[in-house]
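Visitor: Given next are the chains, with one letter for each unit.
2 protein chains.
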Amino acid sequence: MAVIKVGFLQTKPVFGDLCGNLDRVIKRLGRSDTAGLELLVLPELFSTGYQFTSKKELRTLAEDLKSGYSVQRLSALAKERNLHIVAGLAERCGKKLYNSPVLIGPKGLISVYRKAHLFWNEKSIFNPGDIPLEVVNIGKARIGMMICYDWIYPEVARALALKGVDILCHPSNLVLPNCPQAMITRCLENRVFAITANRVGTEDRGAGDALTFIGKSQIVTPRGEVLLRAASRRTAFAMANINVADARDKKITPKNHIFRDMRQDIF
Amino acid sequence: MAVIKVGFLQTKPVFGDLCGNLDRVIKRLGRSDTAGLELLVLPELFSTGYQFTSKKELRTLAEDLKSGYSVQRLSALAKERNLHIVAGLAERCGKKLYNSPVLIGPKGLISVYRKAHLFWNEKSIFNPGDIPLEVVNIGKARIGMMICYDWIYPEVARALALKGVDILCHPSNLVLPNCPQAMITRCLENRVFAITANRVGTEDRGAGDALTFIGKSQIVTPRGEVLLRAASRRTAFAMANINVADARDKKITPKNHIFRDMRQDIF
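Residue numbers (the numbering used here), protein chains in the order written: chain A, 1 to 267; chain B, 1 to 267.
Isolated chain A (complex conformation):
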């Protein structure tokens, strides 16, 4: 079974500065040791920043996925480096506005998921997602996208696991402290890998409370080991080799298969 080199970039976006935020991602990768990197996860809304003060403001910064600035630059990056990238974008689709992680490969946009479980004030500016959870085979591994607050619903990771996911790709803008530990539970209960890419920094755009993001981006194994975890306040790039076979083995003990043992009849 394949070994795949995966990584995350923990960023500190400048609100509204699409060009600068993309430049900083590419610059950071350029000065990091990225040799062999095959799958990279970026945070939620990494190119725009998080705290939109109105739908109107969001509409100005959101992009059509066919022609959008971030998709174009990430596609160029993915092509140049022969890489798959999962990244969170502000998506505009006709009159609708979504908080959308996308999967981009060397040939461009492959897949999109739209945040269905909107958190707090996101409910006032984004439309709720309308796309079922999906697992995509990128060659060496089957990946699935979930985003930020989806962590609190075990049904999300479970649905992806039952569809055969090996690696949960989890762009985030976390402000609450609980997710990094909870993602360990998600990995254990499904025997899958998870890459959470979070951001750092504080945004205070005058529309409410200042938000401080907790960092702690991480890669967790199907056995609940934290392979890598970034710090809380600094940007970071990190990568690791993971063996996809570990996510295909659903045995907790020689006699316990996590899915075959499940007793739906008692729930």
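Just so you know, these hints were derived from the structure itself, not from any lab.
Please note: incorrect hints may appear among the correct ones.
The list treats identical chains as one, so a pair stands whether inside a single copy or across any two.
Below, computed lysine-lysine pairings styled on DSSO-like, alpha-carbon distance capped at 27 Å [to be verified]: (1) Lys-55 - Lys-251; (2) Lys-255 - Lys-96; (3) Lys-255 - Lys-56; (4) Lys-79 - Lys-27.
Using the hints provided, position chain B relative to the given structure of chain A.
Guide: Relative to the frame of chain A, chain B by itself:
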């Protein structure tokens, strides 16, 4: 809404010594400050010990719940102290043998659940449970029983939460390290309390590997706070006041209700 005083007893059973194990529970409570205690959780198989070497041995020690020794003594204890007790027993029912947590009140046996997700060698000696998960109103709170390895299935706590549980009562004989942290996730994702009562000590009955139990019994709040956690190697009694209202409030933020927001349509 009611405040209820709940506790756990972390024990170190002597294998096969039903009388002694009950004596030790009662003695320990007698010399602890238990004033006001209303709900007590004991470990899985607390009266028999864990590592049965054969069905035959299990049959000898297992008890009929109507007339069994442990049920009788726990019923007397519950009556004397005006207490509800959740405890894990080896149950014999006709030809079947179950790993069963029971709920006992001042008037005797109230409810039983039979372990459905059997762990490792339990599969060779116990019958799998055949009773749906149930929530019982004990006056001040609605409690639900799950047992040990059930922790790994988010569906168990979720099913109980959707049935209105306030407090997950979770007798355990944990040997793997992950459960205490995972139960925090179970509380967060359902906004419920959880009381895990685990045991300590090592059993080596010559039938396989020695098993060392990890202790760390705990009480966790709907916000994922660990109110109390016992040590790994010592017996312990601990109790805390909890406000049941905290488990009835399913709001994560003013705009996020954990159940109403759930997007079944995308799973």
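Visitor: Determine for every hint whether it applies to the structure shown.
Guide: Evaluated hints:
1. Lys-55 - Lys-251: For Lys-55 and Lys-251, the Cα distance is within 27 Å only across copies (24 Å; inside one copy 47 Å).
2. Lys-255 - Lys-96: between (49 Å within a copy, 20 Å between copies)
3. Lys-255 - Lys-56: Cα proximity of Lys-255 and Lys-56: across copies only (21 Å, versus 56 Å in one copy).
4. Lys-79 - Lys-27: The answer is within: 16 Å in one copy meets 27 Å, while 71 Å across copies does not.
Going through the hint list in order, the structure satisfies each hint without exception.
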